[in-house]
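Trainee: Read off the chains here:
2 protein chains.
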Amino acid sequence: MVKTKSPNAKDELEQLARRIKEGDRRAVGRAISLIEDEVPAAETLLDVLFPLMGKAYRIGITGPPGAGKSTLTAALTRSFRRQGKKVGIIAVDPTSPFTGGAVLGDRVRMAEFNTDPGVFIRSMASRGSMGGLARKAEEAAEILAAAGADIIIFETVGVGQTELEIADTADTTLVVLVPESGDSIQAMKAGLMEIADVFVVNKADREGADRVQLDLAMMLQLRDGTKQDWTPPIVQTVANQNKGIDALLEKIEAHHQFLEQRGKLEQRRRRRLQRKTREIVAQKLAEAFWTPEREAALAEALQRIDEEHVSPYGLAQRLLEKKKKA
Amino acid sequence: MVKTKSPNAKDELEQLARRIKEGDRRAVGRAISLIEDEVPAAETLLDVLFPLMGKAYRIGITGPPGAGKSTLTAALTRSFRRQGKKVGIIAVDPTSPFTGGAVLGDRVRMAEFNTDPGVFIRSMASRGSMGGLARKAEEAAEILAAAGADIIIFETVGVGQTELEIADTADTTLVVLVPESGDSIQAMKAGLMEIADVFVVNKADREGADRVQLDLAMMLQLRDGTKQDWTPPIVQTVANQNKGIDALLEKIEAHHQFLEQRGKLEQRRRRRLQRKTREIVAQKLAEAFWTPEREAALAEALQRIDEEHVSPYGLAQRLLEKKKKA
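Chains as they are written, first to last, in our numbering: chain V, 1 to 326; chain L, 1 to 326.
Everything labelled a hint here was simulated from the structure, so no lab data went into it.
Each hint should be verified, as a subset may be incorrect.
The list treats identical chains as interchangeable, and a pair is accepted whether it falls inside one copy or across any two copies.
Said to hold, decoys possible - 25 Å max Cα-Cα, derived DMTMM-like pairs, lysine to aspartate or glutamate:
hint, residue 1, residue 2
1, 21, 11
2, 264, 295
3, 284, 306
4, 276, 307
5, 276, 308
6, 10, 308
7, 85, 253
In this text the structure is predicted, and so the values were computed from the model without any measurement.
With the hints as extra help, turn the sequences into a complete structure.
Mentor: Structure below.
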């Protein structure tokens, strides 16, 4: 990873913000690096750019490894480009130790967009630092939106916690399966149900696509007993042959319309802003609390924890009480 | 989910703690429910029981849906029971909306342990409340350790954020694959590498087991250029026929010895305690901060956010400044 220097000077930040607004790809890349490196200036930048955000439509694409999510992302991107829309793609891989976490094949596949100024692709990964990846992905999306992206695509692997959080961020979430997913559907059922707005059975030219579609349809029927207001459609695609992509786009658009008519887009946006505010507050409180003195007190107490039989609960209490006295 | 009442009286809590120490299964179940429901008394309980914790050995088992993790867990549990060891099993499914998230098949498979007082099984899921599942699973493990478990097995699906966090908690993490995983290995490579202490190729009587083993071995060889001090062994098993389980146990034991000799077990424990203390502090700070007045101020500001063009960063700042003035 190339370390980015923190832009200290205020006018340097303003210049960066201006270049982002102009859609300058290098400026966008730089801003996302600031976010990844958790540089304080990133926050100022997001604050400054805020009025420009929130207008992009966010699509989440998730599914098991090998389901063809990148190929599908590429096919959708091509279609959006033909409609004249600018696309930002954030590939989130919580397990990759490489920034630019996409595997080689994905990069090659995405290379077709390298010369297209209307497409911006960024891979994000979280090595070591647990947590925060969903938040950083969301902030990167805000930068892309400020730079003029009409569509943001989040590509994630699996249905773990990070993926659930990102699905919560997206307006429309596609869950991508393959004909071979049959066995997994039972096991993944609950999680899939929770996050899918549209199901995609990709690689549908292989045997078993209809069975997977049937399994999904049955699950949805069972669920519909509980009166959901949106029933996820199921679309078969062969992304690497561009088959089924138009049908998929129609379903995405239908879901978009549905959200808009019910006022749910605005609802989601406010919920995102609320969560974001809470996260920032939590971070600031922690930063203010963990002074060098308290860090030292924690380190020292951990050395003596066995003799003193103090639990983390007791230890936290002690540190918090010192605060009150101070 | 059965809602648990909060035990308010101090002697009620002491009684619960005493029953947990005696290994009373109902008391253990009650305590874990208190943790899941985030009842304040859970904390007092964990504080009281702390001196008894930390002695159990923690094994994480993760892998894609359908890899046979539950069958493997059952086979390992049987072996540990023959050695006279008590086993606590925590099945973590971040995506299941059911508490007791295991699918029916798993429950039936685990039914053999229902009458064994030396085995305690608990499923945990996180519906809605994002985050915190890894923390709750760890706290549940502490209760099981206090109740006398010698071995704790965490069973998780996939390699998402929650799984990474739980792997961080475990002493030895098994990554379970199947012969069909070949395609996924490339894609999952990085994440697997990061968390696996032992690789298990389960269902190894199917075609492709040797190829998967070879792929893994090659990956490990590439990695060994970077001088790791532990190279994850690869074990083939057929868990439902109890094949390869003894070999797997040997590798787990070898990893345990390795950690102990290098002082890494103690290191890991201190790191867990440190992280835990920080989490508790963060929670207490947030609880203290979000008074009804601030909650109201946040809700009101969100209503006006579009007219005022204030970003979440600005909003958080404003709320935090009110604090200073107060």
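Trainee: Which earlier hints can't be squared with this structure?
Mentor: Violated hints: none at all, because every hint is consistent with the structure.
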